[in-house]
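Engineer: Since chain A is already given, all that's left is putting chain B on it; use the hints.
Letter by letter, the chains look like this.
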Amino acid sequence: MASGVGIQTIEEIEPFEAAEEIAGGDVVLVDTREPHEYQEAHLENGKLVPPGLLGDEIAEAAPDKSARTILYCRSGNRSAIAAAQLEALGYENVASMAGGILAWQEQGLPVVAASGMTAEQRDRYSRHTLLPEVGVDGQIKLLNAKVLLLGAGGLGAPTALYLAAAGVGTIGLVDDDVVDASNLQRQVIHNTERIGMPKTTSARIFIEQLNPDVNVVEHNGRLDAGNILDVMADYDIVVDGADNFPTRYLLNDASVRLRKPVVSASILGFDGQISTFVPFEGPCYRCLYPTPPPAELAPSCSANGVLGVMAGTMGTLQANEVIKLVLGAGQPLIGRLLLYDALGTTFTELKVRRDPDCPICGENAPEIPESEMGQFPDYDLFCAGAGGDR
Amino acid sequence: MATVRIPPVLRPKTGGQAEVEAAGGNVGEVLRTLTSEHPDTSEQLFGEDGELNRYVNVYLNDEDVRVLDGLETAVKDGDTVVILPAMAGGAS
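Chains as they are written, first to last, in the numbering used here: chain A, 1 to 390; chain B, 1001 to 1092.
Simulated from the structure, these hints should not be mistaken for lab results.
There's no promise every hint is true.
Simulated restraints on C-beta separations [stated by the list, open to error]:
id, chain 1, residue 1, chain 2, residue 2, range
1, A, Asp176, B, Glu1051, 33 to 43 Å
2, B, Asp1040, A, Pro212, 20 to 30 Å
3, A, Leu210, B, Lys1076, 44 to 54 Å
4, A, Ser182, B, Pro1039, 30 to 40 Å
5, B, Gly1070, A, Asn304, 48 to 58 Å
6, A, Met373, B, Asp1062, 48 to 58 Å
7, A, Asp176, B, Pro1012, 29 to 39 Å
8, A, Thr345, B, Glu1051, 30 to 40 Å
9, A, Asn215, B, Ala1074, 46 to 56 Å
10, B, Pro1012, A, Asn215, 40 to 50 Å
11, A, Leu343, B, Ala1074, 43 to 53 Å
12, A, Asp137, B, Gly1050, 26 to 36 Å
Bear in mind that the values here come from a model prediction, so they are computed numbers and not experimental data.
For every residue, glycine included, the Cβ atom is placed at its ideal position computed from N, Cα and C.
Only chain A is shown next, with the shape it has when bound in the complex (with noise of 0.2 Å):
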């Protein structure tokens, strides 16, 4: 920055005189926040601007140095500093409002709120903004979800492109294979064209033309005790498309560690089943499945077969459980463990309770320190002795 300028010398204003200013004319108002707080609630005609991208962006905002122009944030900090930015730049006449947006309204002043959707978003959404559970104001919570799905396979595919078509603003996709003819009986985010590509990019693909609102985020590879807290820390809530017992009973630790909700799902043959665990608030994997079972009694799909759609009907399920989770709507599978038999084409449901003694979210489950978060139990070696375990 240039000498002589910082915060202390910016010009600092109140709401009521910001707004007296704006109502005179002549004034560019920049909201220097980010996209999430904007959509919520703005002041009207203020242009977005966030702090990372402020050198980028400012110019087209704000193309007139000489012109009046007022910054505001959430509280007054973000815009204090930002205003200290353009002035380094070479902005004569620049002023932050004291107290952000929180005193505007505080004072009584209006703010634009949650028509934040451009009016392709209001044309895209409208048939969930028709719905009363979801409004404009559910389909904003989606857009700015982040779900992480462990998985771009059987239910990763489908969870997929029904959280992109309904606006999940980030999706996260955890994959390390590449697509295979055989996928094609059931994974239809992927394509013959796509044969040999990542499945994380050919899902990719796929969302960016379905939605554009969409942010993927690839993750090629796969979850370890290694990497799994870092990769979770940016969602808020997992969708367990797992092909092994290993990763889930992972995951599972991990989601309790970190207190973020599973969608779990798995299919076999012509059967499928689906439950919601959110940490503390219901049972989690390990108090319904304490041990993993010997391998004859949990074939993979490769050895028997499934049903191709069967990844559909319960894939589509979760996506609608992340759903219901984002939007705070409905009752989710919490404490239920929903069966599916494609066959008869019937619906089982069991109660599953929080085991007390379960060694991860029970009563008595250790205490994890915070210099120990990272570290995991080996979960192959847990699931190797399985069987063995009476």
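Structural biologist: Here is chain B on its own, set in the frame of chain A:
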């Protein structure tokens, strides 16, 4: 008589049947009736100590017998006993 719902992985051991009628006053007796009629199911259900294997969940109607009286849980006519192992799908 109770109805025992057989998970797909065990159906080869019950001659392909998805449901088996079995008599018994409690869950343990019902499962023993099942294993006596279909001996190949015994190994997956019961350990050497005669207790239910930990990796098999058994439900009486919709409740896990572990929260009821385990194998002693009383069974009435028309009840359903569900045998449920975990599934992980995927590629081997």
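Engineer: Please go over all the hints and tell whether each is borne out by the structure.
Structural biologist: These are the hints, each one checked on the structure:
1. A/Asp176 with B/Glu1051: 33 to 43 Å: For B/Glu1051 against A/Asp176, whose Cβ atoms are near 39 Å apart, the range 33 to 43 Å holds.
2. B/Asp1040 with A/Pro212: 20 to 30 Å: Given a distance of about 55 Å, which is not inside 20 to 30 Å, the answer is violated.
3. A/Leu210 with B/Lys1076: 44 to 54 Å: 51 Å, holds
4. A/Ser182 with B/Pro1039: 30 to 40 Å: Once the Cβ atoms are compared, 36 Å apart, the range 30 to 40 Å for B/Pro1039 and A/Ser182 holds.
5. B/Gly1070 with A/Asn304: 48 to 58 Å: Since B/Gly1070 and A/Asn304 have Cβ atoms about 30 Å apart, the given range 48 to 58 Å is violated.
6. A/Met373 with B/Asp1062: 48 to 58 Å: Roughly 36 Å apart at Cβ, these two residues miss the hinted range, so it is violated.
7. A/Asp176 with B/Pro1012: 29 to 39 Å: 33 Å, holds
8. A/Thr345 with B/Glu1051: 30 to 40 Å: 35 Å, holds
9. A/Asn215 with B/Ala1074: 46 to 56 Å: 55 Å, holds
10. B/Pro1012 with A/Asn215: 40 to 50 Å: Since B/Pro1012 and A/Asn215 have Cβ atoms about 46 Å apart, the given range 40 to 50 Å holds.
11. A/Leu343 with B/Ala1074: 43 to 53 Å: Violated, at about 31 Å.
12. A/Asp137 with B/Gly1050: 26 to 36 Å: Since the Cβ atoms of A/Asp137 and B/Gly1050 sit about 57 Å apart, the hinted range of 26 to 36 Å is violated.
Checked against the numbered hints above, the structure breaks hints 2, 5, 6, 11 and 12 and satisfies the rest.
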